[in-house]
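Student: One letter stands for each residue in the lines below.
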Amino acid sequence: DGGITQSPKYLFRKEGQNVTLSCEQNLNHDAMYWYRQDPGQGLRLIYYSQIVNDFQKGDIAEGYSVSREKKESFPLTVTSAQKNPTAFYLCASSGGVTQYFGPGTRLTVL
Amino acid sequence: KQEVTQIPAALSVPEGENLVLNCSFTDSAIYNLQWFRQDPGKGLTSLLLIQSSQREQTSGRLNASLDKSSGRSTLYIAASQPGDSATYLCAVRQDSAGNMLTFGGGTRLMVKP
Chain W
1 DGGITQSPKY
11 LFRKEGQNVT
21 LSCEQNLNHD
31 AMYWYRQDPG
41 QGLRLIYYSQ
51 IVNDFQKGDI
61 AEGYSVSREK
71 KESFPLTVTS
81 AQKNPTAFYL
91 CASSGGVTQY
101 FGPGTRLTVL
Chain Y
111 KQEVTQIPAA
121 LSVPEGENLV
131 LNCSFTDSAI
141 YNLQWFRQDP
151 GKGLTSLLLI
161 QSSQREQTSG
171 RLNASLDKSS
181 GRSTLYIAAS
191 QPGDSATYLC
201 AVRQDSAGNM
211 LTFGGGTRLM
221 VKP
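Protein chains in written order, with our numbering: chain W, 1 to 110; chain Y, 111 to 223.
Note that these hints are calculated values from the structure, not bench results. Some hints here could point you the wrong way.
Think about it this way: if two alpha-carbon atoms lie no more than 20 Å apart in a straight line, the pair counts; the simulated PhoX-like pairs of lysine-lysine are [stated by the list, open to error]:
{"no.": "1", "chain 1": "Y", "residue 1": "K111", "chain 2": "Y", "residue 2": "K178"}
{"no.": "2", "chain 1": "W", "residue 1": "K9", "chain 2": "Y", "residue 2": "K111"}
{"no.": "3", "chain 1": "W", "residue 1": "K57", "chain 2": "Y", "residue 2": "K111"}
{"no.": "4", "chain 1": "W", "residue 1": "K83", "chain 2": "W", "residue 2": "K57"}
Reference listing, derived: stretches of chain Y covered by chain W, where coverage requires no fewer than 3 residues with Cβ under 8 Å from a Cβ of chain W [what the hints assert, rightly or not]:
{"no.": "5", "segment": "147 to 155"}
{"no.": "6", "segment": "210 to 219"}
Covered stretches of chain W (chain Y as the covering partner; in silico rule of three or more C-beta atoms under 8 Å from a C-beta of chain Y) [what the hints assert, rightly or not]:
{"no.": "7", "segment": "37 to 50"}
{"no.": "8", "segment": "98 to 109"}
Backbone N, C-alpha and C define an ideal beta-carbon position, used for all residues, glycine too.
Put together the whole structure using the sequences plus the hints.
Tutor: Structural data, given as structure tokens:
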């Protein structure tokens, strides 16, 4: 069953803590993306990776970090430097034509 | 920098109505435009993709049109049903090299039985 999985579905974080969101795909796609969505708004690009061991900042990369050590995996770390991390985070992958999205992780800072 | 706007932000209609969702973009030099559906708390599902050389695409009760020169796209939903209730997002891709998408803010649709 091919697709994109994100875990956990819900995540709670205390202020000052770093947390890592998981994104895995078995679609054999080269490109992967992380987006942030705030209530009632569209998606904003945080980071993207076109190939293993390479990634670039998107429009709102400050306070986030990523790694791309394997083709299937693109984890996102939300660091304590991110001032307002409460949001819905979506991961996507692409084989060239369109992007396929995971189910999302809702992060809440307590 | 490309900016994508969707109007209205929210729409409530009775079941059976035909409706139109609007999407506008500031830079007409796009590669393609895509409409997505998002159910509450879920990821995005692609509905229709229109290449820059195309004028429209159809899938079932959905029809999307593209007027690149005026920077506009519309999503037409015929005979709306309660199951169509969701947020609809449009996104534009700027070039053929990288698959980077710029999203609009979405239109939240409620179809009442």
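Student: Check each numbered hint from earlier against the structure, then list the numbers of those it violates in ascending order.
Tutor: 2
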